[in-house]
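A.B. asks: Turn these sequences into a full structure, and let the hints steer you where they fit.
The sequence shown stops at residue 387 when you use the working numbering, and every number in between is there.
Warning: the hint list may mix true and false statements.
Okay, derived cross-link-like pairs now, BS3-like style, lysine-lysine, Cα gap no bigger than 27 Å in a straight line [to be verified]:
| no. | residue 1 | residue 2 |
| --- | --- | --- |
| 1 | K331 | K359 |
| 2 | K296 | K216 |
| 3 | K226 | K296 |
| 4 | K226 | K316 |
| 5 | K118 | K160 |
| 6 | K130 | K35 |
| 7 | K296 | K307 |
| 8 | K341 | K160 |
| 9 | K118 | K42 |
| 10 | K77 | K118 |
| 11 | K331 | K316 |
| 12 | K118 | K131 |
Cβ pair distances, simulated, as ranges [to be verified]:
| no. | residue 1 | residue 2 | range |
| --- | --- | --- | --- |
| 13 | A381 | E60 | 53 to 61 Å |
| 14 | S46 | A187 | 16 to 24 Å |
| 15 | L31 | Y356 | 40 to 48 Å |
| 16 | K29 | I363 | 43 to 51 Å |
| 17 | E71 | E23 | 27 to 35 Å |
| 18 | K216 | F372 | 52 to 60 Å |
| 19 | V213 | A381 | 28 to 36 Å |
| 20 | P208 | G116 | 33 to 41 Å |
| 21 | I363 | E71 | 19 to 27 Å |
| 22 | E23 | E377 | 30 to 38 Å |
| 23 | E227 | E314 | 19 to 27 Å |
| 24 | P208 | K331 | 22 to 30 Å |
Everything labelled a hint here was simulated from the structure, so no lab data went into it. Just so you know, even glycine gets a beta-carbon here, dropped at the ideal spot from N, CA and C.
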Amino acid sequence: MSTFYVPAVNLIGKGVVNEVGPYVKELGYSKALLVTDKFIESSEILPKVLKPLDAEGIEYVIFSDVEPNPTCKNVMDGLAALKENNCDFIISVGGGSPQDAASCISVIATNGGKPQDYEGLHKSAKKGMPVAAINTTAGTSAEITINYVITDEERKVKMVMVDKNSLALISVNDPELMVSKPAALTAATGMDALTHAVEALVTPGAYGVTKKLSIGAIELIKEYLPRAVANGHDIEAREGMVNAIFLGGMSFNNAGLGYVHSMAHQLGAVYNLPHGVCCAMLLPVVERENAKRVPGAFRNVAKALGLHTEGKTDAECAAYAISEIEKLSETVGIPKKLTELGIEEKDFDFDYLSKNALIDACAPGNPFMPTLEETIAFYRELF
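C.D. replies: Here it is as structure tokens:
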């Protein structure tokens, strides 16, 4: 038996942000904590979100102190703002960082405690406070998933929470909110989306529905990500990526992820690197090893990336898939080595990061469980 999680209402397409106000008003909530970051707060995006709320007379308080890798302090500060202003629901606006922070605030608002209490699988007892999740990047799919990630600043660990009680009530994916995103961010988030789809396709947790969703997501990313990076105002490409992240998000939300994410989380926690870039750099490294164990799982990846698989061996399909992933990463301008991001091998704590990757919540979803030595070797490939 498989359980399929997805928000109750999902608004997708050009201009759908204008429908948020009426939906919220119909549900009867009175005052929102609007969780976002400083970039969104100062951008042309926020007025597009606020206009339909104002039109329906919906009150809100803006909390914008969310960092690119949201921390426990960000969450607790947001929770304090929620309580001080007597908010009865949450609106999250942004990419994965505001979405994840809002998910954690939502869960703690109804369950109590602190972020560390919810690390792992389904740790909360009660449904979180209602969230209307308005996405502004084509990548994380955090607006539709039961996963969220919070950085414990003291331990320098990204805590992965998988919790059905954190699922948003409403998700909003409007490509018109994404046209101003810079090329580098578009590339990073797009490669994160590709990682979601590939990992969800090769994981042992994949099943019929999730496989079809992953394949569809990969096909769309292959077609539209280079266009979205080349021209952020290509609305057809932006809409294609919106469809891709929705499909891929539904897939990994229900099938799971793997060791690429386990390792990427550690890079983000310790070095505060962009999550999508970390995933893109690690994806071919980890999948090359996965392909040695489950080459048949890569036949669908290769087909989605454009290979006519008839008459091809599983090994040939896997080699093609990994090669195409590397080509796509290069096309959209992802760095190849950590040194390009200012990280030197002599300063890299291989042992600490590798040990934390092994116990990351995403690790069990991988086709095989790497050893500590293998994990260290994976990280060394990034230099």
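A.B. asks: Would you mind marking each hint as holding or not holding in the structure?
C.D. replies: Against the structure, the hints come out as follows:
1. K331 / K359: Violated - the C-alpha atoms of K359 and K331 are around 30 Å apart, more than 27 Å.
2. K296 / K216: This hinted pair holds, its Cα atoms lying about 23 Å apart.
3. K226 / K296: holds, 24 Å
4. K226 / K316: Holds, because 21 Å separates the two Cα atoms, which is no more than 27 Å.
5. K118 / K160: holds, 16 Å
6. K130 / K35: holds, 21 Å
7. K296 / K307: holds, 18 Å
8. K341 / K160: Answer holds: K341 to K160 is near 22 Å, not above 27 Å.
9. K118 / K42: holds, 24 Å
10. K77 / K118: Distance ~10 Å between K77 and K118 Cα, so the pair holds.
11. K331 / K316: Given pair K331, K316 holds - Cα atoms ~20 Å apart, limit 27 Å.
12. K118 / K131: holds, 16 Å
13. A381 / E60: 53 to 61 Å: Given range 53 to 61 Å: holds, Cβ gap about 55 Å.
14. S46 / A187: 16 to 24 Å: Cβ of S46 to Cβ of A187: about 19 Å, so the range 16 to 24 Å holds.
15. L31 / Y356: 40 to 48 Å: holds, 45 Å
16. K29 / I363: 43 to 51 Å: holds, 44 Å
17. E71 / E23: 27 to 35 Å: holds, 30 Å
18. K216 / F372: 52 to 60 Å: Taking Cβ atoms as reference, K216 and F372 lie about 24 Å apart, which means the hint is violated.
19. V213 / A381: 28 to 36 Å: holds, 35 Å
20. P208 / G116: 33 to 41 Å: holds, 35 Å
21. I363 / E71: 19 to 27 Å: Check passed, 24 Å falls within 19 to 27 Å.
22. E23 / E377: 30 to 38 Å: Because 52 Å falls outside the window, the suggested range is violated.
23. E227 / E314: 19 to 27 Å: Since the Cβ atoms of E227 and E314 sit about 21 Å apart, the hinted range of 19 to 27 Å holds.
24. P208 / K331: 22 to 30 Å: Since P208 and K331 have Cβ atoms about 27 Å apart, the given range 22 to 30 Å holds.
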